[in-house]
Structure formats: structure tokens, C-alpha cells
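Visitor: Once you have looked at the hints, place chain B on chain P.
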Amino acid sequence: MTTRTVKFKIYRYDPDKDAAPYMQDIAVELDPSDRKLLDALVKIKAKDDSMAFRRSCREGVCGSDAMNINGKNGLACLTEVDSLAQPITLRPLPGLPVIRDLIVDMTQFFKQYHSIKPYVVNNTPAPEMERLQTPEEREELNGLYECILCACCSTSCPSFWWNPDKFVGPAGLLAAYRFIADTRDEATNERLDNLEDPYRLFRCHTIMNCVDVCPKHLNPTKAIGKIKELMLSRTV
Amino acid sequence: MVKRLVVGAHYGFRDWLAQRVTAVVMAVYTVYMLVRVACLPAYDNTAWRDLMAGGFTKYVTFLFALALFYHAWVGVRDIWMDYIKPISVRLTLHVITLLALAGYAGWVAQILWRL
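Respectively, the protein sequence lines represent chains P and B. Take the first sequence: its letters are residues 0 to 235, numbered as in numbering that gives the first Met the number 0. Take the second sequence: its letters are residues 0 to 114, numbered as in numbering that gives the first Met the number 0.
In short, the hints are calculated from the structure, not lab data. Mixed in with the good hints there might be a few duds.
Said to hold, decoys possible - The calculated DSS-like cross-link candidates involving lysine-lysine, where the alpha carbons are at most 27 Å apart (straight line), are:
#	chain 1	residue 1	chain 2	residue 2
1	P	Lys35	P	Lys8
2	P	Lys110	B	Lys84
3	P	Lys165	B	Lys2
4	B	Lys2	P	Lys116
5	P	Lys225	P	Lys165
6	B	Lys2	P	Lys110
7	P	Lys46	P	Lys16
8	P	Lys165	B	Lys84
9	P	Lys71	P	Lys46
Unchecked claim - Estimated spans, in silico, between C-beta atoms of each pair:
#	chain 1	residue 1	chain 2	residue 2	range
10	B	Val6	P	Arg34	40 to 48 Å
11	B	Thr91	P	Asp24	42 to 50 Å
12	B	Gly54	P	Asn121	52 to 60 Å
13	P	Val120	B	Arg13	20 to 28 Å
14	P	Asp192	B	Ala108	32 to 40 Å
15	B	Val88	P	Lys16	34 to 42 Å
16	B	Thr91	P	Arg34	52 to 60 Å
17	P	Asp48	B	Val23	53 to 61 Å
Backbone N, C-alpha and C define an ideal beta-carbon position, used for all residues, glycine too.
Same shape as in the complex, but just chain P (with noise of 0.2 Å):
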């Protein structure tokens, strides 16, 4: 492959200096080598140096580098420049305060995370080794924990659109299960207490924007279900 030349449409946003935002048209000359959107970004930003946004790990692990792209909310280091349609319409994450350009406030989200207690709560006094649990029992914990918290779900939900502050939100809904599923965890049902509440949990209408979007290929929705069966199995 040779030197390509790809355009973008980039959402610009600086409150100190900019009335409002507007939407710029950039085209950028990139090698070979450069693959994935944040490389393209990593360019334009080297011309560039006031675009801001935010990346680290470049490799899909941090989750800092979650923008709307074309439409739909996904990682630029994971994202293959080539596959999408031009011009590449880049926006902050839906839903979340713009701090400038694609960097948004991620307060709220961090929030509604940090309300399901995402930590094992277990009181009794911890044996000498460790708390150990099967293989099955560890195996329930798989397409849960791997959640980086990028908030492409959450974000992409209009239920966290409309309520962000009172929706827990598929992000934390997974974490939620994550703990509830975990046989070291004891705060099972605080944790269904907690979410018992036509805000907290039920306003998830099950639309799937989460699973359609997650850039790790978890399923959200799959966990709320889960945590309505318990519900169920201890309301019945």
C-alpha cells in the first residue's frame, strides 16, 4: 500500500476561545503503516497541535481513545482507518460534556461506576492463602471483568441520554453483575437492593446499542437479564 490521502470532518470545541462548536474539514497524508484512526489522529495532531483527544495504551486496553465515529461509538486504536467510509466524521462521545474537542467529561459515568460498588465485599476474615473458587465459578466472572470502561455503551444509550444521573447505565450495570456473579463476593442482596428501582436498573428497554457498539464484544444486556433473574428467583 502506498501514501493515501484520508479526509476527516473533526468536531472542534475550545470554550475559552470558540462561541460555539463547528464541525472542520481535514485531509491527511498518511503511509502505509498507518492503520488504525488514533494513527491518523496521532497525524493530525503533529500538525496540528491544538485538536485535542485523549489516548494512552494505543492498543485497546485504557479505553481512552473512545470517540463517535461515523455514527456509531467505537476505539480509534482498534478502529482500521481503511474500513470507513470518507469523509471520517469524528465526534466526542454522545451525551457527556465537551471539555474540548473529543475530550469529554466523564464525571457522571465515573459516577453511576463507582455507585454499584465495584469492589468484593466480603467481611469474613480472609483465609491464610486466598479466597479460592472453581473453575466454574470463575468461569461465570468471563465476558464480565473485561470491561475497560471506554463509556462507548453508555454513552450510546439513550436511557443514560435522558437520565445519566439516576440510570446506572450498561457500563455499570455489567460491573454490577460482574460482583454479583463473583461466589467471593457476600453483598448479593445489598447489591439487588441497590438496584431494585425504576431508575437505577429498569430504565435499560433492552435496545442493545450497548452490545452493538462494545468494543470488547461484551453484552451488556445479557447482565442486566441476569440480574432481573435474581430478582425474579428471590421475589417468586
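Guide: What follows is chain B alone, placed relative to chain P:
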């Protein structure tokens, strides 16, 4: 009133479950009625009246209507909860919805049992 964000109404599951149960009731009723209508001896007013005048048909039709109204209550309330932010407006809409549905339930009973 202090401006604190409050959640923890401790309901939600009941309504979520009720929405599913009422959906099943409505689905079963729809199949039952389709079969009954398909088996009508003739497609005229008398046959239709005879079908609807039966005690069992009245009973299941009323159950269907109640299931429909409960289902609609949860669904419409969800819309108010999603989109209407001021609590006073939301409460008013909730009450109007409830009153309308209760009225419809009475109306259905009146229609069914006047036959």
C-alpha cells in the same frame, strides 16, 4: 426542599415483571379469539353477539383489557419518566394516565356486560 438527587424507590421489578406477564396474557387471548372467530358458524351480527355474550368470553376479554391497561400504564409511565423532568408535571401526567386507564377499564366492563 434540599436539592439532592434521590433514587431508591424500591419498585421497578414488579412492574417489569407485570409488563411481561400482561404481554403473555394478551398474546394468549389474541390467539384464543382468532381461533374462536375463525370457528364462528357465520360472519354476521348474531354470531358475533353470541360469541361476546358468553360468560367465559366476557371474563377473558375483561382480563385482556385489564392486562392491556396495566401494560399501557407501565409503558406510558416509562415515557413520562424518560422525557418529563419537572416532578410536578410528571406527577400530573401519571395521575391523568392512571385516571384515564381506570375509566377505560370501567367502560370496557360496561360494554361487555350490557350484552
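Visitor: Hints first: check each against the structure and report whether it holds.
Guide: Verification of the supplied hints:
1. At roughly 17 Å between alpha-carbon atoms, Lys35 (chain P) and Lys8 (chain P) fall within 27 Å of each other, so this suggested pair holds.
2. Straight-line distance between C-alpha atoms of Lys110 (chain P) and Lys84 (chain B) comes to about 20 Å, which keeps the hinted pair within the 27 Å bound.
3. For the proposed pair Lys165 (chain P) and Lys2 (chain B), the alpha carbon gap of about 14 Å is at most 27 Å, so the pair holds.
4. This hinted pair checks out: Lys2 (chain B) and Lys116 (chain P) have alpha carbons roughly 24 Å apart, not beyond 27 Å.
5. Pair hint Lys225 (chain P) plus Lys165 (chain P) holds up; C-alpha atoms about 20 Å apart against a cutoff of 27 Å.
6. Taking the CA atoms of Lys2 (chain B) and Lys110 (chain P), the gap is near 18 Å; set against the 27 Å cutoff, the hint holds.
7. Note on Lys46 (chain P) and Lys16 (chain P): the hinted pairing holds, with a Cα-Cα distance of about 19 Å set against a maximum of 27 Å.
8. For the suggested pair Lys165 (chain P) and Lys84 (chain B), the alpha carbons sit about 12 Å apart, so the restraint of at most 27 Å is met.
9. About 26 Å separates the Cα atoms of Lys71 (chain P) and Lys46 (chain P), which keeps this hinted pair within 27 Å; it holds.
10. The hinted window of 40 to 48 Å between Val6 (chain B) and Arg34 (chain P) holds, with their beta carbons roughly 44 Å apart.
11. Thr91 (chain B) and Asp24 (chain P) have their C-beta atoms about 48 Å apart, which keeps the hinted 42 to 50 Å range intact.
12. The hinted range of 52 to 60 Å is satisfied by Gly54 (chain B) and Asn121 (chain P), whose Cβ atoms lie roughly 58 Å apart.
13. At about 26 Å, the beta-carbon gap between Val120 (chain P) and Arg13 (chain B) stays in the expected band of 20 to 28 Å.
14. Between Asp192 (chain P) and Ala108 (chain B), the C-beta spacing of about 38 Å keeps the proposed range 32 to 40 Å intact.
15. A beta carbon spacing of about 38 Å between Val88 (chain B) and Lys16 (chain P) agrees with the range 34 to 42 Å that was offered as a hint.
16. Between Thr91 (chain B) and Arg34 (chain P) the beta carbon distance is about 56 Å. The supplied range of 52 to 60 Å therefore holds.
17. In this structure the supplied range 53 to 61 Å holds for Asp48 (chain P) paired with Val23 (chain B), their Cβ-Cβ distance being about 60 Å.
When held up to the earlier numbered hints, the structure conflicts with none and fits them all.
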